[in-house]
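K.L.:
What follows is the residue order along each chain.
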Amino acid sequence: MPEIVYSSTVTAVGELVPDFAEQGVLVWFGENAPAELHEFSIIHVPEVATRAPQKGDMIKINENVFNVLAVGSVASENLLNLGHLDLKANGLTEPEMPGDVNVEAVSLPTVQVGDRLVVISQP
Amino acid sequence: MGAYKSVVISAGKGGWGGPLTITPTDDRPYIYSVTGGGIHPVAARIAEITGGIPFDGFKSSVPFDKIAVAVIDCGGTARVGVYPMKKVLTVDIHATSPAGPLAMFITKELFVSGVKAVDIKES
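The listed protein sequences derive, respectively, from chains F and V.
Mapped onto the numbering used here, the consecutive letters of the first sequence carry residue numbers 1 to 123.
Mapped onto the numbering used here, the consecutive letters of the second sequence carry residue numbers 1001 to 1123.
Next up, chain F with everything else stripped away, as it sits in the complex:
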């Protein structure tokens, strides 16, 4: 059965987030991230944090669906400790950076306050 392993709600969107999205990157942080990180980050509050995304999981941002192709070695501790996620829509099947979570090379949605991030495990 598919299971929601992580879900959160967006509480703030930095003014540089659209610029980063254009480069295929969405940077996420929890609410306690220092102010200098808010400028280019999506700030979110988790409701479910069972685990971080793994290869083969599905990530949803509202109704936009992405398939997780690769996950860097520190992505899990980043997300669970700091609410930090570097979501990269570049189609890579090996992570380029240890913090990366890679999905298909598709355009990323415009994220707004109240939007939801959901990670769903696939059977």
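By construction, these hints were calculated from the structure, which means they are not laboratory data.
As the structure is a prediction and not an experimental result, all values here were calculated from the model.
One should not assume that every hint holds.
Here are the in silico distance ranges between beta carbons for each label pair [to be verified]:
1. F/Glu94 - V/Glu1122: 25 to 31 Å
2. V/Thr1025 - F/Val113: 39 to 45 Å
3. V/Asp1026 - F/Gly91: 34 to 40 Å
4. F/Gln122 - V/Ala1003: 57 to 63 Å
5. V/Ala1103 - F/Val45: 25 to 31 Å
6. F/Met1 - V/Gly1051: 55 to 61 Å
7. V/Gly1038 - F/Glu39: 48 to 54 Å
8. V/Lys1086 - F/Val113: 22 to 28 Å
9. F/Ala105 - V/Lys1086: 18 to 24 Å
10. V/Gly1038 - F/Ser76: 17 to 23 Å
11. F/Ser73 - V/Lys1059: 21 to 27 Å
12. F/Gln23 - V/Gly1037: 26 to 32 Å
13. V/Ala1003 - F/Pro2: 55 to 61 Å
14. V/Ala1103 - F/Pro18: 17 to 23 Å
The C-beta atom is built at its ideal place from N, Cα and C for all residues, glycine as well.
Keeping the supplied structure of chain F fixed, place chain V upon it in accordance with the hints.
P.N.:
Only chain V this time, still in chain F's reference frame:
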């Protein structure tokens, strides 16, 4: 006050940049740990040798111009560039190289990565 010592921090295995010489001053006394799980051991070690003040960026904040060095555990996208962009000396625990949307700000003069306690030497 004023009894600060200097350390030289070199890139660790697989790391990039540096070496950086860190000398806290009364104007810039803070060793700023922007890491998961509290003050990172590398930040604690720098503070111990130099006499700088260790500080957890996920708990509270100080102005950039008070920071002697920022210690990050960045997986390569966001935090690697933010502090160099603000001209703050930056030590990444992870062995990252300049990349991401802020890569242009990451220089050998401002940034060193892959750093472990053994890469910190009293000077």
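K.L.:
Next step is simple, just say for each hint if it's right about the structure.
P.N.:
Hints versus structure:
Taking 25 to 31 Å as the suggested C-beta distance range, the pair glutamate 94 of chain F and glutamate 1122 of chain V does not conform, at roughly 39 Å. Taking 39 to 45 Å as the suggested C-beta distance range, the pair threonine 1025 of chain V and valine 113 of chain F conforms, at roughly 41 Å. For aspartate 1026 of chain V paired with glycine 91 of chain F, a C-beta distance near 50 Å fails the hint of 34 to 40 Å. A C-beta distance of roughly 58 Å is found between glutamine 122 of chain F and alanine 1003 of chain V, which places it inside the suggested range of 57 to 63 Å.
Taking the beta carbon of each, alanine 1103 of chain V and valine 45 of chain F are about 30 Å apart, inside 25 to 31 Å as hinted. Separated by about 56 Å at the C-beta atoms, methionine 1 of chain F and glycine 1051 of chain V satisfy the suggested range of 55 to 61 Å. For the pair glycine 1038 of chain V and glutamate 39 of chain F, the beta carbons lie near 24 Å from each other, so the given range of 48 to 54 Å is not met. For the pair lysine 1086 of chain V and valine 113 of chain F, the beta carbons lie near 26 Å from each other, so the given range of 22 to 28 Å is met.
Our hint of 18 to 24 Å for alanine 105 of chain F and lysine 1086 of chain V is violated, since their Cβ atoms are close to 31 Å apart. Our hint of 17 to 23 Å for glycine 1038 of chain V and serine 76 of chain F holds, since their Cβ atoms are close to 18 Å apart. For the pair serine 73 of chain F and lysine 1059 of chain V, the beta carbons lie near 26 Å from each other, so the given range of 21 to 27 Å is met. Separation of glutamine 23 of chain F from glycine 1037 of chain V is about 29 Å and conforms to the stated range, judged on CB atoms against 26 to 32 Å.
A C-beta distance of roughly 60 Å is found between alanine 1003 of chain V and proline 2 of chain F, which places it inside the suggested range of 55 to 61 Å. Judged by the Cβ atoms, the range 17 to 23 Å given for alanine 1103 of chain V and proline 18 of chain F holds: they are separated by roughly 19 Å.
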